[in-house]
Amino acid sequence: MEQKNLLLKIKDLTINYNTYDGIVKAVEGLNLSMSNGQTLGLVGETGAGKTTTVKGIMRLLPDPPAKIVRGEIYFDGENLLKKSKKEMRSIRGKQISMIFQDPMTSLNPVMTVGDQIAETIRLHNDISKKQSFEEACTMLEQVGIKGERAGDYPHQLSGGMKQRVVIAMALACNPKLLIADEPTTALDVTIQAQVLEMMKKLIAQYNTSVIMITHDLGIVAETCDYIAIMYAGEIVEYGTKQHIFLNAKHPYTKGLFACIPDITAEDNKLTPIEGLMPDPTNLPKGCKFYPRCPMAGKECENENPANKEIENGHFVKCHFV
Amino acid sequence: MLKYIIRRVLMLIPVMLGVSLVVFTLMYITPGNPAEILLGEEGGSKEAIELLEEEMGLNDPYIVRFGRFIWNLVSKGDLGTCYATRQPVSQRIAQTFPNTLKLAGLSVGLAVVIGVVLGIVSAVKQYSIFDNVAMALAMLGTSMPNFWQGLLLMILFSIHLQWLPASGFSSFKHMILPAVTIGTSSAAVIARMTRSSMLEVIRQDYISTARAKGQSEIVVILRHALKNALIPIITTVGIRFGVMMGGAVLTESIFAIPGIGKMMVDAIKARNYPVVQGGVLVIALAFSVVNLIVDILYAFADPRLKSQYR
Chain V
1 MEQKNLLLKI KDLTINYNTY DGIVKAVEGL NLSMSNGQTL GLVGETGAGK TTTVKGIMRL
61 LPDPPAKIVR GEIYFDGENL LKKSKKEMRS IRGKQISMIF QDPMTSLNPV MTVGDQIAET
121 IRLHNDISKK QSFEEACTML EQVGIKGERA GDYPHQLSGG MKQRVVIAMA LACNPKLLIA
181 DEPTTALDVT IQAQVLEMMK KLIAQYNTSV IMITHDLGIV AETCDYIAIM YAGEIVEYGT
241 KQHIFLNAKH PYTKGLFACI PDITAEDNKL TPIEGLMPDP TNLPKGCKFY PRCPMAGKEC
301 ENENPANKEI ENGHFVKCHF V
Chain X
1001 MLKYIIRRVL MLIPVMLGVS LVVFTLMYIT PGNPAEILLG EEGGSKEAIE LLEEEMGLND
1061 PYIVRFGRFI WNLVSKGDLG TCYATRQPVS QRIAQTFPNT LKLAGLSVGL AVVIGVVLGI
1121 VSAVKQYSIF DNVAMALAML GTSMPNFWQG LLLMILFSIH LQWLPASGFS SFKHMILPAV
1181 TIGTSSAAVI ARMTRSSMLE VIRQDYISTA RAKGQSEIVV ILRHALKNAL IPIITTVGIR
1241 FGVMMGGAVL TESIFAIPGI GKMMVDAIKA RNYPVVQGGV LVIALAFSVV NLIVDILYAF
1301 ADPRLKSQYR
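Quick note, the sequences are listed as chains V and X, same order. First residue of the first sequence: 1, per the working numbering; consecutive thereafter. First residue of the second sequence: 1001, per the working numbering; consecutive thereafter.
So that you can see chain V by itself, here it is in the shape it has in the complex:
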């Protein structure tokens, strides 16, 4: 990856949640980098630490209980973890913005959607209230909602429209990095397709880099250039879309693909990955996937495998590659 084009570089990021039941190691020793204009898919099952990672980037983790134990997050060459609260505020919404999972709950029910979009614009630009509202209307048009609906409250919009508003809000200040946390999970399939299509168009138009969190491999295939597979707080496999879809090496990634039902198969049973995610307060000592892994060997139990580059830009964290 070219150094000069680097947008985001995460080094050894470790995030714990201190709970009554013990320390939850949500993210451990995570390394990740992405360059300008990339769309990175962050894939993993619920509880893998995807949302914790990106909230860590935004510095939006509630502390307590969350604690960034160590690591560095470089955005545009600057370490976000060293920024003051005030500096972070000027980055949030302007340089990095975020789309949350559930559009039903991520809009403020007592503010008009126009005001909510205008709020972002006014925070980061020195313009009048009226101007910012007009810009908010323009943003709404961009996501396919008529400008005159800016005076509506969230409860007057459908789910798909709400998610469009959330997207408009996130893109209003033309951020360098957009983090989309399962942006379509809460929508039904037809609306999903529309919203994704629109997002793809806007991302290209604004030349925004995107981290797309999802557990839907279909969405990944459609939108992402690079894919990182997360399991129990670690990235177990990273590569281009081709690497992951055509040449997956990690047993967990293989397992994920095996889960996709085959419409032509005679037997209509699903093929799940056996077992459950490990208890996050008591993770296995060696490879985190070891208890569920079909090819686990002796070394897996005690030794956490290193991240190996098996071909140019394709990293796998497994003893057997």
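It is worth saying that the hints were derived from the structure and are not from the lab. Be careful, since some hints might not be right.
Said to hold, decoys possible - Sample of chain V residues at the chain X side, in silico, Cβ under 7 Å: (1) Arg-92; (2) Asn-108; (3) His-155; (4) Ser-158.
Predicted, not measured: the structure shown is a model, and the values here were computed from it. Ideal Cβ placement from N, Cα and C applies to all residues, glycine included.
Model the placement of chain X on the given structure of chain V, informed by the hints.
Okay, now just chain X, sitting in the frame of chain V:
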């Protein structure tokens, strides 16, 4: 919205009629003879009592007396004459109700300022020392009887420090102690309600959204969180204010405030029917108006409710 308000105001008429009927009937079946009580002290003779009974119209049947009360009220706006002072009841209410209103307004104002601020800070700094101390104080405030708290305040500020007068209600200085006495217990309730309501709202996704926009914490709390947490707070404040419309009998007695609560208790003891009836009517009306205002405020606090107000 205007239509809704007009309809609600019109609905007050049957409510007031119902209240009149209930109060009138209750007073009718309550044992005790106002003429006897009135003349009792001077040792009135049997003839004098009977004469007074006749004059007061106490010998007429129930339905005639109720009819007369309603007719005088509707046609002349006349609530009757106080047995004791011979003043019109409306005049006695005009003397006492403003005091109650002032006391209620002042103490609720105080309670809202203290309660909402404490509640917000406690919620934002949940489980901190501030939160624990504030909630312990709130517990104390709700459990401490008003009259006792009033007496303690009086001992400290009127007797030992001699800063504030202990009784009467003629100047602002007189109002401070009673307002603090009533206000603190309301503040405690409001603080607890604000805290729990804010805690619920603070965990919502749209608060994260507001933070993700780069909004400062204080604006996130006041504009995004507080406005969403308002409904239960408005409800609590409304109930507190409404209850105070009936006067704070104990506090009024301790501080010798000529309020409606004290007037009512005296009137009930003397079987002073017109004053009791008139007083209850005014209290019920004030309570209903406060309720209406609370309902209208809901619509401003939450646009989702506005569409239901037709």
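Okay, the hints, checked on the actual structure:
Evaluation of the V/Arg-92 hint against chain X yields a held restraint, the C-beta minimum of about 4 Å falling below 7 Å. Against a cut-off of 7 Å between C-beta atoms, the interface hint on V/Asn-108 holds, since the closest Cβ of chain X lies about 4 Å away. Against a cut-off of 7 Å between C-beta atoms, the interface hint on V/His-155 holds, since the closest Cβ of chain X lies about 5 Å away. Interface hint at V/Ser-158: violated, since its Cβ lies 15 Å from the closest Cβ of chain X, which is beyond the 7 Å cut-off.
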